[in-house]
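Read off the chains here:
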Amino acid sequence: MEYKPIRKVVSGNYAAAYAALHARVQVVAAYPITPQTSIIEKIAEFIANGEADIQYVPVESEHSAMAACIGASAAGARAFTATSAQGLALMHEMLHWASGARLPIVMVDVNRAMAPPWSVWDDQTDSLAQRDTGWMQFYAENNQEVYDGVLMAFKVAETVNLPAMIVESAFILSHTYDVIEMIPQELVDEFLPPRKPLYDLADFEREPFSVGSLATPADYYEFRYKIQKSMEEAKKVIKEVGREFGERFGRDYSQMIETYRTDDADFVFMGMGSLMGTVKEAVDILRQEGYKVGAAKVRWFRPFPKEELYELAKNVDGIAVLDRNYSFGMEGILFTEAKGALYNTDAKPLMKNYIVGLGGRDFTVNDVRKIAENMKAVIEKGELDVEVDWYHLKR
Amino acid sequence: MEIPEQVKKKLTLPAEEHFYAGHTACQGCGAALGLRYVLKAYGRKTIFAIPACCSTIIAGAWPYNTLGANLFQTAFETTGAVLGGIEAALKARGIKVKGEDGVMIVGWAGDGGTADIGLQALSGFLERGHDALYIMYDNEAYMNTGIQRSSSTPYGAWTTNTPGGKRHFLEKRHKKKVIDIVIAHEIPYAATASVAYPEDFIRKLKTAQKTPGPSFIQLFAPCPTGWRSPTDKSIEIARLAVQTAYFPLFEYKEGKYKINMPNPKKEPKPIEEFLKLQGRFKYMTREDIQILQEWVLREWEKLKKLAEVFG
Ligand SMILES: Cc1ncc(C[n+]2csc(CCOP(=O)(O)OP(=O)(O)O)c2C)c(N)n1
Ligand code: SF4
Chain A
1 MEYKPIRKVV SGNYAAAYAA LHARVQVVAA YPITPQTSII EKIAEFIANG EADIQYVPVE
61 SEHSAMAACI GASAAGARAF TATSAQGLAL MHEMLHWASG ARLPIVMVDV NRAMAPPWSV
121 WDDQTDSLAQ RDTGWMQFYA ENNQEVYDGV LMAFKVAETV NLPAMIVESA FILSHTYDVI
181 EMIPQELVDE FLPPRKPLYD LADFEREPFS VGSLATPADY YEFRYKIQKS MEEAKKVIKE
241 VGREFGERFG RDYSQMIETY RTDDADFVFM GMGSLMGTVK EAVDILRQEG YKVGAAKVRW
301 FRPFPKEELY ELAKNVDGIA VLDRNYSFGM EGILFTEAKG ALYNTDAKPL MKNYIVGLGG
361 RDFTVNDVRK IAENMKAVIE KGELDVEVDW YHLKR
Chain B
1 MEIPEQVKKK LTLPAEEHFY AGHTACQGCG AALGLRYVLK AYGRKTIFAI PACCSTIIAG
61 AWPYNTLGAN LFQTAFETTG AVLGGIEAAL KARGIKVKGE DGVMIVGWAG DGGTADIGLQ
121 ALSGFLERGH DALYIMYDNE AYMNTGIQRS SSTPYGAWTT NTPGGKRHFL EKRHKKKVID
181 IVIAHEIPYA ATASVAYPED FIRKLKTAQK TPGPSFIQLF APCPTGWRSP TDKSIEIARL
241 AVQTAYFPLF EYKEGKYKIN MPNPKKEPKP IEEFLKLQGR FKYMTREDIQ ILQEWVLREW
301 EKLKKLAEVF G
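Chains A and B, in that order, are what the protein sequence lines are. In terms of full-length UniProt numbering, the first sequence has 125 at position 125, counting the first letter as 1, and numbering is strictly consecutive. In terms of full-length UniProt numbering, the second sequence has 20 at position 20, counting the first letter as 1, and numbering is strictly consecutive.
Treat the hints with caution; some may be incorrect.
Stated by the list, open to error - Mimicking DSS-like on lysine-lysine, the simulated pairs with C-alpha atoms at most 27 Å apart in a straight line are:
1) A:196 to B:96
2) B:45 to B:96
3) B:302 to B:256
4) B:98 to A:196
Stated by the list, open to error - Computed footprint of chain B on chain A, listed as stretches where at least three residues anywhere in the stretch have a Cβ under 8 Å from a Cβ of chain B:
5) 58-68
6) 73-84
7) 207-218
Stated by the list, open to error - Ranges of calculated distance between the beta carbons of each label pair, as one might list FRET restraints:
8) B:184 to A:243: 53 to 59 Å
9) B:22 to A:250: 55 to 61 Å
10) A:226 to B:22: 24 to 30 Å
11) A:307 to B:22: 32 to 38 Å
12) A:92 to B:8: 50 to 56 Å
13) B:20 to A:236: 36 to 42 Å
14) A:177 to B:148: 50 to 56 Å
15) B:101 to A:194: 20 to 26 Å
16) B:20 to A:115: 46 to 52 Å
17) B:22 to A:254: 47 to 53 Å
18) A:226 to B:145: 25 to 31 Å
19) A:115 to B:148: 29 to 35 Å
Since the hints were made in silico from the structure, they are not lab data. Only a predicted model underlies this, so the values are computations on that prediction, with no experimental measurement involved. Cβ coordinates follow ideal geometry from the N, Cα and C atoms, glycine included.
Bound conformation, chain B alone (with noise of 0.2 Å):
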């Protein structure tokens, strides 16, 4: 569809679409949302890297690639690796990459490929340097094998393998904080975003481009099939985290910290806020909430300390 010039004017994103309609995601999937983001920032000149996930699915079956970039499918475990073997090659053979006019090479994973079995390769990739991004999309959980917990499931969620019920089996630890490790690679550039606030995400995803060396973006992106959420609460759901500072938007840039809040004055509000509204947290008590919420805190004036001392 053709957008009439006034009305591209007033778009606060880009307007060109890259992302094709008959994908195969949920309805309110932000996985999928993400993608279709990433594509508006980077368009055709874009070299994708998914591991197995539910982007896999996402993109299409064979023959169909409902990515408007050139996509290779990799295994579970390997995105850092094969970015780092997509730009030497390219390196390799003159084509530039990043900048304005260069390859944008990215890597797209979901949490359980990034925090969990990926790790390794994506320390790896962070240490030696690569020019590429690596997006993780933290959907909490496996979600492509039918909503297992991973390590960057929250305390007090009920996943397939985390089951609640009578005697007490929910995730009993804290979601690791995969973006503190990225840091301490001292990559040039690591950022958190959500896919409520894609301005934010886009910019984030232009710095990016702009950065030489390798970076990071944690996207929040919900998942109504694995948080028993409805599909059209996926928005409210990803800007409640952000405003109860459950998943705050910072970035980290050569040093420096600086947290991108849509009201940095509010305090946060109150965890149940977000809770409520996903069938995940119902097995909850009071007492689990209490430790969900201190832990939350905690982390938030930790990393208010961080952009104060380093900001």
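With the rest of the complex left out, here is chain A (with noise of 0.2 Å):
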């Protein structure tokens, strides 16, 4: 069949929802937040007219909504839910679950600020404190992208076993229309072959088994191990399902950091989300403007790209890491990250952090404009004014 988009004008929340019907999940458990809330509302909407066979578990909390989901990935269901800040801060005990027993469930999180002070709009600390638990994790830019990233992330994680988290940005993406390009059913089912489960409850011919029973010493670590083994596969699949993607419908996902005129450039700005669309807006205007920049956006967080960041830091003087998120006590976190993974290479560009957007604080063009400025005359001093740069502060 040849590929005829379907172009649709959705909000990033009805990406989502659309993205989990073409990928034919079976089973749904979710619990209602703001800015979450329409994903779940339009696939009760796809149910109740008849346009999906999908299960729908209504639960009374996103602990439970993680777990559902769990036992339902564990008895065989291709299984999905979504939320937002607080929620997946409860859920935080069941994605080590998820991971730990190698359930590849997909969820999308609605980065928003955690409270207090109460905040719903865009924030990427709730995701980024969930780094540890196991979990992919793809920070989608604009809506075409949260639509493109839940069925990549179906095939990455059912096949290295792990879930995947999709993210997107609370507002910016999730109540804002675009058009987008859906993929006809026919097309993802052949892009997405149902799922194949490595074991299955409702298996009842092979031996009684159990799953997320006590491992001793003895064997505890090699369970810890397999799952970084197969975190390492996944930047593998990552590509190749990314290049896959491009190859059937047009959009090439096979860099898991896009670069975007970096190849001259002097300085990157690096950063995640819906955030790098504005970047990449600015980086044209600044090049009219005389500055060799150029925009490296980190798509999958989790794994790390170490080896594409190596590859880019290599070739430019300083690198502008925009992190809307921040660890207290350190520093934004995929400023952490992104110097952590340089440490023993010889790449050793500038490295310097803007905290921006917390909150949902508008950040712009001229933003980046200013902090292209700054970040010009530091790599011409050749060092760094301050390490961490609260940027928005009103002083």
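Each chain sits in its own coordinate frame; assemble them with the hints.
This is the structure we're talking about:
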């Protein structure tokens, strides 16, 4: 069948819901939280209209949402959920359970700031705080990437038997409408065949088995190592699946770090998610103004694309890491990761951390310009003014 | 071991064993016995969900599994939710659940994992009407973490965080009536059972298997380690719990209550008979015993009334 995309104007949340539908998820267990709610409402609507054959479990909390997805996935189904901020934090224990039990659950997290003070706006700290749960994490720049990301995530997750999180930003994507290209169902089916589970609780032919039981010090260590091995394998799979996606549907995701006009750049802006759309726009403008700059969008934060980062870092004088998140007592989280990844290499660009847009504060092209001015001065001087710059602070 | 046909005919319980030797329960463990009966009733086509509790250990460390059924070990507070997820998956895959030939999905959780941390997930499970059975095995404390009180611990009991001693610090609240909370959800079937009455327990398991929707069984399961009782007295203690009406056997089906006491006409024995075999009650004063006795009889009268009015 020839690929003719279906163009539709959707919000980021509807893009997520359509992707779940097209991925033929079998079980959805979810609990509402702003700004995730319209994802699960849309899925309920698909079911109500007879468009989808999904078992929908309207659980009583996010902790139970993840627990129910875990039960469903362990019993062989393709399971999906979505949440945000406090909901994701409440799930934390079960995120470990999903990866430890090797279940390829896919979840959309709508990046939202943690309370208190209450904020329903964009901030990446909720998802980044789940860094060590064994979940893969993909940060979407726009609604198209939300849709594509969910479809690819199922394929990657089911290949390496680890769960994956697709992250979109609150309101900037979740409630903003944009044209996206959706893929006809038959072609999605070809790309993403039915799941073949690693184990199946409903398999009564084999010896009775147990999952999640106690492992003594003689074995626990190896269980952890195998998760790491699968994360390493995931890098390969992500690139392959990203390339295949490009070949089939015209949008190539084979780069885990998408580079934009970096070839001859003196320095680059690095960040994740929707703010990188603004950055790319700014790069075009700054280029006209004589700045030799580029953008590096980290798509997959876990597994972390160390090798791609090294390739990039070798060829630039500086990296301005833009973090819409913060690890208290340290610095922006991507900044720590990026610096750490390069420490034992010979790539030593100047790296400076800009904390931007926390809790949904606007981040504009003009902000990128100011950061570029500062970064240029820093590089010319050859030393940092401050390492971590709370860029938006009212002084 | 092959059981001769004529012996099999006389057995009042299924002959098949699906609970393997080599499990790691303490001697005289009521929970282990309970698991054995559940497996006798349901056999291989069972999916267990077991949260953190003594039964995690009883089922064995990786790669062993002493239960002859598929088992998913889950987080402490998630039994109800995991059951719902498993059921949803089987339905999505067109696999039959319950009934004679369907898969039995069984949650098996302690009183702590049910009455305390897992109460929310239990409530969600009951209220949403999943086709699965939730069994709370009630050993009246957190045993896996070393005998701490739960809200199912009875008045006057010693535990390691209600230690008794000179300054009176025993458990001061009566046992939470989890079964009443469950029944308030108006589910199709709920029952109490005891490892001292296995025929009654298995009959109730079979009823749960036949009844569509969620079922709940609260199983009285003595714990010699936590109750400070002789390992060969577990059944006797469990029987006395019923005979004193401390833990009466009854079932609730479609709005109707039915008491299933072995000797329905007999007046309850004094509570001391149940208490005296267990070290956990040794700090109780006369007055404490009186308080517990009054509670037991009051609750018993309440139950009898319910059975009379809604029988
Ligand atoms: C979230 C969480 N908190 C605490 C624990 C520690 N924990 C494990 S088992 C247990 C007590 C279990 O008690 P109960 O459910 O009554 O079962 P029993 O051990 O008595 O069989 C506790 C507190 C845990 N595993 N998870
Ligand atoms: S501590 Fe009690 S419940 Fe736990 S295994 Fe031993 S006897 Fe059984």
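Going through the hints against the structure:
1. Distance hint between residue 196 (chain A) and residue 96 (chain B) is fulfilled; the C-alpha atoms sit about 20 Å from each other, no more than 27 Å.
2. Distance check on the hinted pair: residue 45 (chain B) and residue 96 (chain B) sit about 11 Å apart at the alpha-carbon level, within 27 Å; holds.
3. Proximity of residue 302 (chain B) to residue 256 (chain B) is assessed by CA-CA distance (about 14 Å); at most 27 Å being required, the pair is judged to hold.
4. In summary, the hint linking residue 98 (chain B) to residue 196 (chain A) is supported, as the alpha carbons are separated by about 25 Å, within the 27 Å threshold.
5. A count of 9 residues in the segment 58-68 of chain A with a Cβ less than 8 Å from any Cβ of chain B is obtained; the coverage claim is therefore met, three being the minimum.
6. Coverage of a stretch by a chain is defined here by at least three residues with a beta carbon nearer than 8 Å to that chain's beta carbons; for the segment 73-84 of chain A and chain B the count is 6, and the condition holds.
7. For the segment 207-218 of chain A, the assignment as covered by chain B holds, since 9 residues bring a beta-carbon within under 8 Å of that chain's beta-carbons and 3 suffice.
8. Our hint of 53 to 59 Å for residue 184 (chain B) and residue 243 (chain A) holds, since their Cβ atoms are close to 56 Å apart.
9. The hinted window of 55 to 61 Å between residue 22 (chain B) and residue 250 (chain A) holds, with their beta carbons roughly 58 Å apart.
10. At about 26 Å, the beta-carbon gap between residue 226 (chain A) and residue 22 (chain B) stays in the expected band of 24 to 30 Å.
11. A C-beta distance of roughly 48 Å is found between residue 307 (chain A) and residue 22 (chain B), which places it outside the suggested range of 32 to 38 Å.
12. Separation of residue 92 (chain A) from residue 8 (chain B) is about 51 Å and conforms to the stated range, judged on CB atoms against 50 to 56 Å.
13. Evaluation of the 36 to 42 Å hint for residue 20 (chain B) and residue 236 (chain A) yields a pass: the beta carbon distance comes to about 41 Å.
14. In this structure the supplied range 50 to 56 Å holds for residue 177 (chain A) paired with residue 148 (chain B), their Cβ-Cβ distance being about 54 Å.
15. A hinted range of 20 to 26 Å for the beta carbons of residue 101 (chain B) and residue 194 (chain A) is consistent with their spacing of about 25 Å.
16. For the hinted restraint 46 to 52 Å between residue 20 (chain B) and residue 115 (chain A), the CB-CB distance of approximately 49 Å keeps it satisfied.
17. At about 51 Å, the beta-carbon gap between residue 22 (chain B) and residue 254 (chain A) stays in the expected band of 47 to 53 Å.
18. As the Cβ distance of residue 226 (chain A) to residue 145 (chain B) is approximately 29 Å, the hint placing it in 25 to 31 Å holds.
19. Judged by the Cβ atoms, the range 29 to 35 Å given for residue 115 (chain A) and residue 148 (chain B) holds: they are separated by roughly 32 Å.
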